[in-house]
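Peer 1: The primary structure of each chain is shown beneath.
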Amino acid sequence: MEIKELMQELSALKGVSNASMIRDNVVKLDIDKNSSKEFFTKLRDDFGFEHCSLITAIDNQPEFELVYHFTSVNKSVTVGSTDMSVMMEAHVFLERDTPTIESISDLWGGANWHEREAFDLMGIYFVGHPDLRRVLLPEGFAGHPLRKDYVYEIHEEEW
Amino acid sequence: MSSKKVRGNPGLRRGVGSKTTDLDEIMEDPPAGDWLTLRSDQLLEWIDNAVYNVAETTGMREVVNRVTRPIFNYGQRFSPHPLHFGIMCCAIEMGQASAPDHDIDRLGLVYRSSPRQCDVLIVNGPVCEKLRPKLKTLYEQMPEPKWVIAMGECAISGGPYWDSYSVVAGADTFIPVDVYIPGCPVRPEALMHGFLTLQKKIREKEPGMFLRR
Amino acid sequence: MAEMWISMGPQHPMTHGLWTLKVKVDGETITDADPELGYLHRSVEKMGERRKYFMNTTLTDRLCYASSTTWTHNYVLTVEELMNVEVPERAKYIRTIMLELQRLASHLMWAGAYMPDLGHITGALYFWRDRELFLNLLEVPSGSRLLYNYIRIGGVKRDLPDGFVEKTERVFKLFEKRLDEYADLFENSKIFRMRTEDVGNFTAAQAQNLGITGPNMRGCGTKFDLRKNDPYEIYEEIDWAIQTREAGPGYSDCFSRYMVRIDEMKESIRIIRDCFKKMPKGPTLASAIPVRAQGEAFRRTEDSRGEALMYVVGDGTDRPYRWKIKSPMFTTISACPHYLKGYKLADIPAIMGSIDICIGETDK
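Chains as they are written, first to last, in the working numbering: chain Y, 1 to 159; chain C, 160 to 372; chain H, 373 to 736.
To be clear, the hints were calculated from the coordinates, so they are not data collected in a lab. Please note that a few of the clues may not be correct.
Derived DMTMM-like pairs (lysine to aspartate or glutamate); straight-line CA-CA distance at most 25 Å [said to hold, decoys possible]:
| no. | chain 1 | residue 1 | chain 2 | residue 2 |
| --- | --- | --- | --- | --- |
| 1 | H | Lys-396 | Y | Asp-149 |
| 2 | H | Lys-650 | H | Glu-417 |
| 3 | Y | Lys-75 | Y | Glu-95 |
| 4 | H | Lys-539 | C | Asp-262 |
| 5 | H | Lys-396 | Y | Asp-45 |
| 6 | Y | Lys-148 | H | Asp-690 |
| 7 | H | Lys-595 | H | Asp-570 |
| 8 | H | Lys-638 | Y | Glu-95 |
| 9 | C | Lys-295 | H | Glu-408 |
| 10 | H | Lys-650 | H | Glu-553 |
| 11 | Y | Lys-28 | H | Glu-408 |
| 12 | H | Lys-529 | H | Glu-461 |
| 13 | H | Lys-653 | H | Asp-570 |
| 14 | H | Lys-595 | Y | Asp-45 |
| 15 | Y | Lys-148 | H | Asp-687 |
| 16 | H | Lys-713 | H | Asp-570 |
| 17 | H | Lys-549 | C | Asp-260 |
DEER-style ranges, computed between Cβ atoms [to be verified]:
| no. | chain 1 | residue 1 | chain 2 | residue 2 | range |
| --- | --- | --- | --- | --- | --- |
| 18 | H | Gly-714 | Y | Glu-5 | 56 to 64 Å |
| 19 | H | Glu-461 | C | Glu-363 | 32 to 40 Å |
| 20 | H | Ile-378 | C | Ile-230 | 39 to 47 Å |
| 21 | Y | Thr-100 | H | Ile-378 | 30 to 38 Å |
| 22 | H | Thr-430 | Y | Gly-15 | 37 to 45 Å |
| 23 | Y | Asn-34 | H | Asn-560 | 56 to 64 Å |
| 24 | H | Asn-508 | C | Lys-295 | 37 to 45 Å |
| 25 | H | Gly-622 | Y | Pro-62 | 32 to 40 Å |
| 26 | Y | Pro-62 | H | Pro-621 | 51 to 59 Å |
| 27 | C | His-352 | H | Gly-620 | 50 to 58 Å |
Reference excerpt, derived from the structure (chain H facing chain Y, CB under 8 Å, subset only) [unchecked claim]:
| no. | residue |
| --- | --- |
| 28 | Leu-409 |
| 29 | Gly-410 |
| 30 | Lys-418 |
| 31 | Phe-544 |
| 32 | Leu-582 |
| 33 | Gly-583 |
| 34 | Phe-596 |
| 35 | Glu-608 |
| 36 | Arg-694 |
| 37 | Ser-706 |
Treat the numbers as computed from the prediction; the structure is a model and nothing was measured. The beta-carbon is built from N, C-alpha and C at its ideal position, and this holds for glycine as well.
Let's have the full structure, built from the sequences with the hints guiding it.
Peer 2: So this is what it looks like as structure tokens:
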């Protein structure tokens, strides 16, 4: 399979913009927040991305950015003499006042805890997540520490 | 002057004999007044107080302590039972110290998995806010006498995680620490040295433990 | 029979680190599980934002205490991609050698920790004895036993010392002989196989969906290894093969996962030997290494435990704006209700031990 074909097919989907290739086996694109669930469903069912590698939340001040990395285990492109597995990087932008997006944990089981982590550390709300609790920080912790405006005390010793 | 040899300490014998008559003064009644209504911890506390008072007033406590001190101290020194508890990198070195190359077991160490059977707590990594209450519980579950070893920079002061929002600045902020072993990570040899230091400390600082307050 | 929850951890011999596993049992059978993490959350990602790019290698070293080089390497690879640094050829070979030595040490650590779970304490001592050999080898160029900080942005800290090749070869000869002994002791042992076979099964499709990667996934027979499928350093030029095992058609059990790791150790030896043969002479550190970076980059590598991925965003300063770590164990632990359900309570140490947990990278 050609990576360019995949890129064109993906960019024809609803809500997709700015599709580009960042490496020989990686496609990068932006998705509209409202059509994200539809896109991800197609991605899993039609394009064979069966593994959700990572969900990153970035505090871009003012808005939030979610970066999804998906891996295809069985699909590969031939670059030179090697068969490289295909990856996809999807960016979704969220407003600061309403950092909500539809959960994909029903599509990929591996996304479940990535979403919990993004909620825990960055305060992104995933609608439809079965169990959106803090995962790393204790219950009752105030605030979301990876946000840039999170203030905490550093015990700096005086020399 | 009689040639007959007096066995034991005559003063002490006199002391014991003279005090037996006013035992009622030394011993109190059980707190609730009735034996049957006592809870087990109240009963134990009462027995503890009664025996301690009698032993203290009659001078028996010092005698027993002097006799048992070397024995208990020897036992404590040469068979520390550390808790089998790993936090981070130093836990790997703790395990590696038990491996054949270093064989720390020859110092008499026996790792136990239950805090009820241990007397040494090795804090071998950064203590995070979520872990702190659990570690405190583990420490409190250990029976007396107990010692704590802060193994590595993280347990001493937070180490490389000094500016983290979730790491406590050292284990000694919430539990008393006896031995600090620097290193990141601590080498097995250093851990061995830490245990030898602890042995020295037990010999010097910890007296016998019979009827200890 | 009434169901009840049993809590194990954070201090429990089964956990291999700091986490809590709550299992719901119906008699002896597990019906549900709820893992809980966070006892070792050191906030590495936030701390990385306060440090310069090259300072972060001390943090990545301490991410996973059993396999520190692979994580430092992943970070360095990502930052090199971000900064467009060209690494000298010899440094790439040295990196590959160090990575494979680290993989050997990590797998031996795992095997040593797995044996007491099965009640075989002698096995732990055997494997840890051999791990010491590889720690000594790793100590030769880096000067440290556990956390090496050897791989730097732009290359490696220093060249391999004289006599390293011969020393390594001596260790390999000894270790290969011992691996044969262990085959008799473990794979051919009826008790070991009774304890591990047909326990903790999951299928390849499940593994892909739930995010179980690395040796655990290759134990299902899936031929997927990022050293081949997204090659980095010089794995393309080296003669080696992906090791897979399966317990049955498309599913894995504890024994197949054990065997994959044993096979990978043999394969690592092959890779290192080939590296020594093909290694060119030359510098080991790039001459010009930038300090600032702009843009975003991610790289994934095959950690000893699975797919490691780091995503770094730079804003033009000398510190990362955002640094995200993907840990393979994070998702593997999250999937544990799927492969614990239906087995007995006494199988938990065998199952959770076989997936090679490292909480340092998981909690970040």
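Peer 1: All hints are to be evaluated individually against the structure, with a verdict given for each.
Peer 2: Okay, the hints, checked on the actual structure:
| no. | hint | verdict |
| --- | --- | --- |
| 1 | H/Lys-396 <-> Y/Asp-149 | 40 Å, violated |
| 2 | H/Lys-650 <-> H/Glu-417 | 37 Å, violated |
| 3 | Y/Lys-75 <-> Y/Glu-95 | 34 Å, violated |
| 4 | H/Lys-539 <-> C/Asp-262 | 24 Å, holds |
| 5 | H/Lys-396 <-> Y/Asp-45 | 33 Å, violated |
| 6 | Y/Lys-148 <-> H/Asp-690 | 17 Å, holds |
| 7 | H/Lys-595 <-> H/Asp-570 | 21 Å, holds |
| 8 | H/Lys-638 <-> Y/Glu-95 | 51 Å, violated |
| 9 | C/Lys-295 <-> H/Glu-408 | 19 Å, holds |
| 10 | H/Lys-650 <-> H/Glu-553 | 31 Å, violated |
| 11 | Y/Lys-28 <-> H/Glu-408 | 33 Å, violated |
| 12 | H/Lys-529 <-> H/Glu-461 | 14 Å, holds |
| 13 | H/Lys-653 <-> H/Asp-570 | 49 Å, violated |
| 14 | H/Lys-595 <-> Y/Asp-45 | 21 Å, holds |
| 15 | Y/Lys-148 <-> H/Asp-687 | 14 Å, holds |
| 16 | H/Lys-713 <-> H/Asp-570 | 13 Å, holds |
| 17 | H/Lys-549 <-> C/Asp-260 | 19 Å, holds |
| 18 | H/Gly-714 <-> Y/Glu-5: 56 to 64 Å | 43 Å, violated |
| 19 | H/Glu-461 <-> C/Glu-363: 32 to 40 Å | 59 Å, violated |
| 20 | H/Ile-378 <-> C/Ile-230: 39 to 47 Å | 40 Å, holds |
| 21 | Y/Thr-100 <-> H/Ile-378: 30 to 38 Å | 36 Å, holds |
| 22 | H/Thr-430 <-> Y/Gly-15: 37 to 45 Å | 42 Å, holds |
| 23 | Y/Asn-34 <-> H/Asn-560: 56 to 64 Å | 59 Å, holds |
| 24 | H/Asn-508 <-> C/Lys-295: 37 to 45 Å | 38 Å, holds |
| 25 | H/Gly-622 <-> Y/Pro-62: 32 to 40 Å | 48 Å, violated |
| 26 | Y/Pro-62 <-> H/Pro-621: 51 to 59 Å | 52 Å, holds |
| 27 | C/His-352 <-> H/Gly-620: 50 to 58 Å | 51 Å, holds |
| 28 | Leu-409 | 6 Å, holds |
| 29 | Gly-410 | 4 Å, holds |
| 30 | Lys-418 | 6 Å, holds |
| 31 | Phe-544 | 27 Å, violated |
| 32 | Leu-582 | 4 Å, holds |
| 33 | Gly-583 | 2 Å, holds |
| 34 | Phe-596 | 5 Å, holds |
| 35 | Glu-608 | 6 Å, holds |
| 36 | Arg-694 | 5 Å, holds |
| 37 | Ser-706 | 4 Å, holds |
Hints 1, 2, 3, 5, 8, 10, 11, 13, 18, 19, 25 and 31 from the list above are not met by this structure, while the remaining hints are.
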